[in-house]
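Top to bottom, those sequences are chains R and D. For the record, in the first sequence the residue sitting at position 84 is 83 according to numbering that gives the first Met the number 0, with numbers rising by one throughout. For the record, in the second sequence the residue sitting at position 407 is 406 according to numbering that gives the first Met the number 0, with numbers rising by one throughout.
For the record, the hints were derived by calculation from the structure and aren't laboratory data. Worth double-checking, as some hints may not be accurate.
Repeated chains share a single entry, so a pair holds when one copy, or any two copies, can fit it.
[To be verified] Dumping the calculated DSSO-like pairs for lysine-lysine here, alpha-carbon to alpha-carbon at most 27 Å:
hint, residue 1, residue 2
1, LYS396, LYS768
2, LYS610, LYS144
3, LYS768, LYS681
4, LYS744, LYS152
5, LYS144, LYS542
Number of protein chains: 2
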Amino acid sequence: MAELPTSHLAAAVLTDGNRALVAVIAVVALAALVLAGVLVRQVLAAGEGTDSMKKIAAAVQEGANAYLARQLRTLGVFAVVVFFLLMLLPADDWNQRAGRSIFFLIGAAFSAATGYIGMWLAVRSNVRVAAAAREATPAPGEPEKDLALVSHKATKIAFRTGGVVGMFTVGLGLLGACCVVLVYAADAPKVLEGFGLGAALIAMFMRVGGGIFTKAADVGADLVGKVEQGIPEDDPRNAATIADNVGDNVGDCAGMAADLFESYAVTLVAALILGKVAFGDFGLAFPLLVPAIGVLTAMIGIFAVAPRRSDRSGMSAINRGFFISAVISLVLVAVAVFVYLPGKYADLDGVTDAAIAGKSGDPRILALVAVAIGIVLAALIQQLTGYFTETTRRPVKDIGKSSLTGPATVVLAGISLGLESAVYTALLIGLGVYGAFLLGGTSIMLALFAVALAGTGLLTTVGVIVAMDTFGPVSDNAQGIAEMSGDVEGAGAQVLTDLDAVGNTTKAITKGIAIATAVLAAAALFGSYRDAITTGAADVGEKLSGEGAPMTLMMDISQPNNLVGLIAGAAVVFLFSGLAINAVSRSAGAVVYEVRRQFRERPGIMDYSEKPEYGKVVDICTRDALRELATPGLLAVMAPIFIGFTLGVGALGAFLAGAIGAGTLMAVFLANSGGSWDNAKKLVEDGHHGGKGSEAHAATVIGDTVGDPFKDTAGPAINPLLKVMNLVALLIAPAVIKFSYGADKSVVVRVLIAVVAFAVIAAAVYVSKRRGIAMGDEDDADPEPKSADPAVVS
Amino acid sequence: MAELPTSHLAAAVLTDGNRALVAVIAVVALAALVLAGVLVRQVLAAGEGTDSMKKIAAAVQEGANAYLARQLRTLGVFAVVVFFLLMLLPADDWNQRAGRSIFFLIGAAFSAATGYIGMWLAVRSNVRVAAAAREATPAPGEPEKDLALVSHKATKIAFRTGGVVGMFTVGLGLLGACCVVLVYAADAPKVLEGFGLGAALIAMFMRVGGGIFTKAADVGADLVGKVEQGIPEDDPRNAATIADNVGDNVGDCAGMAADLFESYAVTLVAALILGKVAFGDFGLAFPLLVPAIGVLTAMIGIFAVAPRRSDRSGMSAINRGFFISAVISLVLVAVAVFVYLPGKYADLDGVTDAAIAGKSGDPRILALVAVAIGIVLAALIQQLTGYFTETTRRPVKDIGKSSLTGPATVVLAGISLGLESAVYTALLIGLGVYGAFLLGGTSIMLALFAVALAGTGLLTTVGVIVAMDTFGPVSDNAQGIAEMSGDVEGAGAQVLTDLDAVGNTTKAITKGIAIATAVLAAAALFGSYRDAITTGAADVGEKLSGEGAPMTLMMDISQPNNLVGLIAGAAVVFLFSGLAINAVSRSAGAVVYEVRRQFRERPGIMDYSEKPEYGKVVDICTRDALRELATPGLLAVMAPIFIGFTLGVGALGAFLAGAIGAGTLMAVFLANSGGSWDNAKKLVEDGHHGGKGSEAHAATVIGDTVGDPFKDTAGPAINPLLKVMNLVALLIAPAVIKFSYGADKSVVVRVLIAVVAFAVIAAAVYVSKRRGIAMGDEDDADPEPKSADPAVVS
């Protein structure tokens, strides 16, 4: 490809100084992995409690392994297909083309590994947390135990488990990016696109598959257990209980870890691509320096979570750990900025964009303020989500009160809370993006780089965020094992209930932060998308503005074709969420019929004389999850291809913007309403409004069941969906332009690709709909649902 | 203002020939009003049934009048304030400035009048429909009556009532637009903006206020009646029953009529503004010709609804009426196009845009195909919405089946149906807009005019659409009166139930078509928005593209500031929906406590020895509805002002696009899920899955109660919300540019306006939240909800 005057790519080079710096950063990444090893040994060193607890833990481990192994095999096939598809896409030269596909596989492998390790450790640490809590109940004749001490020990094990996953996420993410920069230097951006796509694609499948598995088991178990048979949560007589606990791990642990790994990798991709354009040579190293600092502070943050007596709840210790690592990050980034970056834009060698090179002001200020925006944004989202989901705050109390007038008002209260809280989080993220934009002044590329830097700022705390998030499922599981084994009662059980309530809030918080990374990364990736269009248009000799410029290349939103692209983008988010919720209803139906069958055919289960077949339910959830994840997954990959090759790259840009707009609000709406219903149920179970067994309790159980697929399947999957669509659009943009204008213009090719893409989507949606959303078919023995006598529901 | 080379406004003039044509069209509009008078006499001629039926109808009339009188007084104050605010905005000269404000008041008055007449007639025709149905039950000793004949007579009365409202909508809308064109000729566009805003603003308030009133009463009545006391819907012992019936009229009749009037007026505004630019002199008359034809075909359509024995359901007769008027419209428009419009673009005198004047092809083809797209779109949306909401189709049957596993699965099934069906309707509308865009070829203004023409095509069937829509509440009310009076049983009651089920579907269909008009009008209004920016930028000497052009003037979606605008637009739609649902929960709570109080203090109510105080509940709903409609209303007006004066006109354009994208999907999602829950309940009540009183029935009642505020309050209000925000943005754009660039640039003014706008929104939201969403406060005597014994719930 001829040397293009407008192309800035070739200008920046990896100077020796920067190469050494990147190497040092790679070492920091390895240090993170080493620390992870140390933490693993620490967690595994803790006691595992009674034999029956160990047996249950083993069953959960077996189920989790079976599911994840089958899932990764299926995804392996999918990854190989994409590996070759990527080869077809245009690239500067063979070296770049091969690098992109190879690092696509590496990104996928790292994402899968993070997820697997996250789950592997979680299924071992949950029994240890339960065992630690067990010590709270004094053996007969022994003196009363110091409850605070016991709960601190349990919290530490749960939090350290998360710390391991956090270290793996930042370690592998940083290591991958460093290797690409060291090997491909100036060509790094194109190869990073492959790395990012691999990470995002695997994370999306693990997120959707895990989400369907966990909620099918959870909803199925609740419907038959609590509603029909009137037996409590995690009751060993319920055949779906093991599957329920397995689900927490494959959904919340593996899915979330891969999700945050992908957010980390894609943000680095955006920062490096824009870094070259905005900061020249420095741009290839600085975007890696910020996350490296993040690794160091995460290490400190994880160890700093030492709960104190004076804490209002477990949440305060976690908040402290979070704030400490945020403050340290800010200080270290400030030092790094003033040591490493030059004082004037003119000194940024390797920058060819006249607007940037001639800019007044100090690049160090831009860098520092941008990163600070990201860090502050993470803290604010945490407070905001906490306000809307914590049991001690007004919104959840209001939902609790609404349970007095039945389930309909509980559902309505939760939905209006979700809708409203989504607005505040979205506006907060918008404010962060706008602040970074203002830093860029008149240069659009500088503004976009500032947005990417804010993204890396947000991610400096990702180590602690992942730790916070894994806290949820581990404590949830610990409670499950305690109830199933019946070996943890009284004070011990209460310790676990408190941990679980904290877990719900940390889960809602990490989802808020995860969607924020999606918006920042997506906004920043627009920079590389603009770059791809400018270069592509130059290749085919088309103008981008003024008279005669083709409308399909422009992203002006007042053009009807772009408005249609925007509506299609928002539509994909709605369809994605609808399909995910649908999948859970269907799979939960299969679980309900299986558990009912076992109750019918083995009457001894109810009086403990017979054992339910736990494995059967795990298989149903595994089979359904794998079958159902295909439709949303294919939709995410094929939709941008269809829109791009039919409406053109301009409308494809509007499509991405529409998806980001609707996706941000939808993700937070689903996460917050789900989280608030869950905690409103806990509020009533703690004795409010008539406590367990009351009508109010039955109403909140219904709210929680509606909220399950909201917060654990549909909501969190939107984050990787946005990333996958962004990267697919970025990768196909040059090809779309190539076949739309200039020498290779061919309507046939475009129509062919579009028809294939549409056919895949239509077939996937049709197949999933054919199975209907009803709970199994009428021909099953018409189950006569015993009216749940509220008194029994404990 | 100096003659600007780029301004095309002055070029087109109202030629004498066109002036005469517009006068003829005004006469057609008057004819519509005359026909409305004839229909009113026909409806009032029908018999009113027994004394007790008349007494109940009188009570409903009294409540409806009381509410609407108070609402119009409050809105009167609001209209006067906006009258003066409009005066402040820049305009070419005093004549235009005064005209805009005066026609703002006229638009508001017409919108209120259409709503009032719609309601006035509905509360008189419902008792007549009940009386007609009553004849189906033969007096003792008389022979069996011909049911089909009776149901046809009842259907005709209900449909003719809608016909009156339809005639008023098209008559007043067309009359208003003709007057503006006749009086202001070339200046018509600016004045029409005022006319459109008046119509949209009043319609939004009537829609939101009416929606809150009707669902507060409905939800409140169901919760105490069905759930707690186990008495059936519309039982005279329920103090909220009259309010429930009043609500149907103020919400569905008045709100919907004003809503469709506003859609009609705003689409005409967009078509005329763009018509001048695209078709020069012809552009001032042709956009009025299409709706005039619509009036004629609506007249035929209304009389063509003669139900036949062979019909599958009442729906088939209505479909026939709709299709007849659509086909006739298409034929007449084709004739008008080829008679009136020239064959070549060059012959369009008054066109100054070189790209259009020089365009090859035939303007008649563009006009005809564009209008045809609109007509076909209306028919397709009708079929699509019908599929997702009719009791005889698979989706609603699936929800019915999901009731076997309790309320949670019913809610989830309804939500995933709503999410998925929203996608298909949105993509259909997108296809329509894209088709019109392709017609425009390379000229953006021609493409936008084609979109506006498609809007007018959609509206040619508005007469029949309004008739279809009013069918719903009238039949719903008729059933209410029948049950309350107890004078219509057996076959008569069954006739009314069938009519009511058809009413639910017609309501969902009209909502789908209403949101389609919002998208088309909004997309077309972007044309005038672009025009406002081009003219404004020229005034202050700023360039719109290329080097040095300020980013805040550009609507390129890949710029972070525009992405933030887009997210804010989507956020306003989510906040608007959340507030509306919240308002219903709160007001329903007040109704629940009042009805409980009456049951407690007047034990005689249950055995009919004492009469409940119906008036008390009507007052509560009136007071709450008026208080609650302030927050969403102020949000709609202030949000664009805040975004415009802070982020600039470019981001304001992205804000509108974001609102259109999210608004379209949200409106259809809320309407379809609500409609499908309602009909799933009917499905079970017809005997499926255990019929009335079964657990499954209780589950669908909960689904329906959740769906009420979805489909009758939050969903339908999004349509006028989009229009109000569009018109406010269009009106303030010149002022924003004036204070952002050039001589009058003043950051102080912009900050001041933005702060005031933000303060108003924040205060409104805070005040509404302070009332909490709980059902009244704890200190009320803690109502011990009797556990609803399903057997009693009939």
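Checked hints:
no.: 1; hint: LYS396 x LYS768; result: between (38 Å within a copy, 14 Å between copies)
no.: 2; hint: LYS610 x LYS144; result: neither (35 Å within a copy, 63 Å between copies)
no.: 3; hint: LYS768 x LYS681; result: between (35 Å within a copy, 23 Å between copies)
no.: 4; hint: LYS744 x LYS152; result: neither (66 Å within a copy, 62 Å between copies)
no.: 5; hint: LYS144 x LYS542; result: neither (76 Å within a copy, 75 Å between copies)
Of the hints listed earlier, those the structure fails to meet are numbers 2, 4, 5, in rising order.
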